[in-house]
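**Student:** Position chain B relative to chain A; hints supplied.
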Amino acid sequence: MIAFILIVLLLVLMLAAAVYAIVQKDLLYAVIATGIISLVLSILFYMLQAPDVALTEAAIGVALTTIIFVITIRNTVRMEDESDRDKNIKSTTK
Amino acid sequence: MKKVLVILLLAVVGFYISETFFDIGFGNTHFVQNDQIKPVKDTYLQQTVQTLKVSNTVTSIVVNFRGFDTLGEVTVLFLSVTALGSILYKRRHHVGERSVLFSASSIVTSGSKLLFPAIVLLGTYVFIHGHLSPGGGFQGGVIIATGFLLMLLAYENYSVSHTNLAVIESLAGITFAGVGLLGFMNGGTFLQNFLPGGVLNDLFSGGVIPIIYIAVGFKVAAELTGVIYTVLNEKGEYNG
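Protein sequences, first through last, are from chains A and B.
According to the numbering used here, the residues represented by the first sequence are 1 to 94, in order.
According to the numbering used here, the residues represented by the second sequence are 1001 to 1240, in order.
It is worth saying that the hints were derived from the structure and are not from the lab.
Being a predicted model, the structure only gives us computed values, none of them experimental.
Estimated spans, in silico, between C-beta atoms of each pair: (1) B/Phe1102 x A/Asp81: 21 to 29 Å; (2) A/Pro51 x B/Gly1111: 26 to 34 Å; (3) B/Asp1202 x A/Asp81: 57 to 65 Å; (4) A/Ala3 x B/Lys1041: 22 to 30 Å.
When the alpha-carbon atoms are kept at most 25 Å apart in a straight line, the in silico SDA-like pairs for lysine to any residue are as follows: (5) B/Lys1053 x A/Ala50; (6) B/Lys1041 x A/Met47; (7) B/Lys1041 x A/Asp52; (8) B/Lys1053 x A/Thr56; (9) B/Lys1113 x A/Ala58; (10) B/Lys1113 x A/Gly61; (11) B/Lys1041 x A/Val53; (12) B/Lys1113 x A/Thr65; (13) B/Lys1041 x A/Tyr46.
For each residue, glycine too, the CB sits at the ideal point set by N, CA and C.
In isolation and in its complexed conformation, chain A is listed as follows:
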């Protein structure tokens, strides 16, 4: 019963992080939220007796993907904004 409640709580946390990642305009926060999704997912995989998949998810989803997204954001734009996108399109078509 406790495990079931914990699983439901983790699922709710995952959903909340996913919604936050979509709504948030600051892309850095959104990327951290996606990292939280992966972290919770790896805990869930471990609870569902799939340690192999949990290891993969923890290594790739939490560490590698998040860091690569953070580096990409640092080299491009941080805010998801319409004016930024227009500027970007203009600079590429120039």
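**Tutor:** Frame of chain A, contents of chain B only:
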């Protein structure tokens, strides 16, 4: 008119795909071979313990029973890394300078120097013990790449030799394919397990499974380290 055509085309494709899927019969507990009904999961579990002497069933399925799929996975990773490199690695022999906002403090640098060997050791442990404990080549390789990422972030002028990475990656890939070809010995098939199984729960057991997983671990580590290094050294040309 165009939209109607597209919808019609999608409907036809969807119909045939769904028909194929209905014929497969997912979740069947038996398969028929030579007019004999055999349960799938029992065969895998029995073969894993009795013939292969491997304690991790996931590994035995991924590397032995479905070894060709794993070769395909490794190829997919290799292709994606090649595509990324061809897009980002424009200037040969002249990688762009790393853009650094502020240099790392001495706590971070000495901490990463302390952690780096431990992380590499953990990754090596994970892929060497792939047939005994959870984990395997992919996971271990990613953990090692994370260690290199830590060093690259902490030290501004820490660099990895692309030539060495390419050599390691090619050798590991050749090892995987070569072990697969050696399976033709004794009239076997591609990627057949031709070495003896050994003793259950021993480090040197499971035939060719440890060899393949060590090769996969080196390959994945080299590829992902190359990806991180290339992305980090990409000069931010767009100043937003």
